[in-house]
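Chains as they are written, first to last, in this note's numbering: chain H, 121 to 606; chain C, 34 to 239; chain B, 852 to 922.
Errors might be hidden in some of the hints.
Said to hold, decoys possible - Keeping only pairs whose Cα atoms sit at most 25 Å apart, straight-line, the calculated BS3-like set for lysine-lysine is:
1. 864(B) x 903(B)
2. 470(H) x 258(H)
3. 383(H) x 224(H)
4. 879(B) x 167(H)
5. 224(H) x 903(B)
6. 864(B) x 224(H)
7. 383(H) x 575(H)
8. 457(H) x 437(H)
9. 383(H) x 879(B)
10. 258(H) x 383(H)
11. 879(B) x 864(B)
12. 258(H) x 413(H)
Claimed, not checked - To give an idea of the chain H side of the interface with chain C (calculated C-beta under 7 Å), a few residues:
13. 168
14. 220
15. 378
16. 449
Claimed, not checked - Covered by chain C, according to a simulated footprint, are these stretches of chain H (three or more residues, beta-carbon under 8 Å):
17. 154–167
18. 379–389
19. 451–463
20. 582–592
These are calculated hints, taken from the structure and not from any lab test.
In this text, a Cβ means the ideal position worked out from N, Cα and C, and glycines have one as well.
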Amino acid sequence: MNPVVYPEPIEAAIARLEAWLRDLGDRHPFPGYTLSPRSLVLLLLQKDPALWEQLQRDEEQCREVEIEIAVAQNQLHQPLELAIAQTRHQQARMLERVALQQPKSGTQPWAETLHQITVNPITGFPILVVILYLGVYKFVGEFGAGELVDRIESFFEGQINPVVDRFVAQTIPWEPIQDLIGNEYGIITLGIRYATAIVLPVVATYFLMFSLLEDSGYLPRLSLMLDRLFKWIGLSGRAVIPMVLGLGCDTMATIVTRTLETKRERLIATFLLSLAVPCAAQWGVILGLLAQKPAALIFWGGFITAIFLGVGYLTAKFLPGASGGFYMEIPPLRLPKIRNILTKTWVRVKWYFWEVLPLFIWASVFIWFGRLTGIFDLIIRAIEPLTLALGMPKESAPIFLYGFFRRDYGAAGLFDLQQQNLLTGNQLVVAAIVLTLFLPCVAQLQMIVKERGMKIAMAMVLFIFPFAFLTGFIVNFGLTQLGINF
Amino acid sequence: MDCHQCHRCDSSPSSRSWWRRWRPAPLESQLRSSEAQIALVGMPNVGKSVLFHALTGVYVTVSNYPGTTVEVSRGLMWVGDRAITAIDTPGMYSAIPMSEEERVARDVLMSEPLAAVVHVVDAKNLGRMLPLAFQLIEAGLPVILAANMMDEAHRLGLDLRTEILAQELGIPVIPMAAALNQGIEELRSAIAQKIPAPSPVTASAV
Amino acid sequence: MNVLSTIEIGQPKTIVGYHTQDATLLRKLVTLGMMPGIEIILEQRFPSYIIKLGHTRTSIDRETAESIFVQ
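Full structure from sequences and hints, please.
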């Protein structure tokens, strides 16, 4: 049964091409496809890119179809593709009029008013700032990264680490093995502690907030509010969602850049995600580090935002091509269902945790191995001059090494140093900036390779490392010269 | 057929899905032994992933948020006492893909053997969604129309004449509100009608 | 006949055609339901254009709004 009858010239072309396909027999250009011949022919008439790519292998067949398209097009007063689409839409509207009736008009005054104030520039931008302040700063920053981290951290410090240390000391006679599990860098005392005490609360609270924004329908509104700003850095409002997700987990966000339409946009988005979008674990820890020094926190935030926009602008300038167009459906605002939000958050946190935990454990093992064999000391000594150039104490060298594994791991290391009061305000700011810009975690690097290819991933790595250190160096130099102390 | 037998004598479907959420590994083998496949397709933001969750108990992890399911997910769903594979696809606007993820959705339709294709639409925007339904029907696919978000349509004062739509399109039409768990069982039985009866060989083996 | 980006806010208008050679953009507009003969209402211009079409709202950028003719 054909649900739609197209204008005569198109139907004639369909009939001729269907017959032609049938007669091709085993020279059929699309043998693997289960679609009906009518549907295949219609796709060909609309110049479907994938099918044409296959068809072009046979010049003769290609010409045959092109002739049919030309013949049909000649008899139509609008582009063939549009004629097909319009016929379908007219049919759809007709059917809608019959099947969907509106006996009474219902309205949702609250949803309507809320929609208006969230997208109106005068009220919308303040609302955006308030949502970010409450959701990100207050809830994730102060509650997740402050309150929760403190509690779980002190639970580990007080209840778990001493027990583990004592246990391995009593049961395992060989010191290197003791160090593998407990003590300063052990799998449990360092790896699992970082993952559950520092990273988990931050990420969990962030995902909870993100799910809430998502289910309420606010995210598309955020996209339309920021489209113009994102155009400036070569992206479009569509890229807002991956970027906001990146503030939760850059690895997830890199996967989601697939929803962007052009290769250029996907490239810019991936690059900015890995350079200047800190993941929740990272900025959560940094927020905690700088919480006592609001000026330093604002400086860090402003600086990273400036890098995001500045580097984005330059990348957009130098990469050939134009910004993708923006179009997005704006679904009605809805009251989110608690159950759905909890399920979503739970599933995401679970994904994240299983992604992260092995990496943290591997990092502990690697550090253990590195320290045991002396390789680690060698590397640390090699990067010590670099950390000194940044104005950092040499105790911070290992942190940058951890940063190779995961940026958040590095940030967590920074947290430890700060707890011991080893860093000044300026050093904290510089370290926070370098670690934010630093190469993303190993998982994200893998994802970049998978999504964008080895060449692009390598190019990004080769840019980001020197760039991060150089920026840190400049910031430190600038702050010292200007006599600014945070 | 051992594996086949074991999940038949398993307990109720709800406890099974609970268990599956905790232990993802056996799902793979269950999917291999399932009898048929169905796919959920439709434009972005029509609630495919929520429906997928309601049908299979599997929650699409990473990328599931409006308009951005970027990968195909598979889950096991129960139709009576038969296990079939449900495939959740990224949103597509028309049969001609405009981005990578839409292409993924179309590849599923073009290459997988499907016992049913559930086209999920936003009932209040029926007119805009129907062109895709036409294209699916044109393609000769076994389409079921799931008119989702009926709750929102009702709130707007809209009334859907399901029988007329079903008659005009020549396919089953199921009104539903997946987020509120309404219409799920009706959809399940519509799917059941599309699945070929178990072959005698399978039946005797069980 | 006017370009969508210039029409008055809140007045129902009918799409009459497109002003673009970009095949992808055309495809997009069509799938969003912005077809000749369809009635739309422009709701706002800044920061993005918002268009009401039936029971849906769609947001588009200026370039897209400039490529649609209405009456």
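| query | Which numbered hints does this structure break? | reply | Hint check: 3, 8, 10 and 20 fail, others pass.
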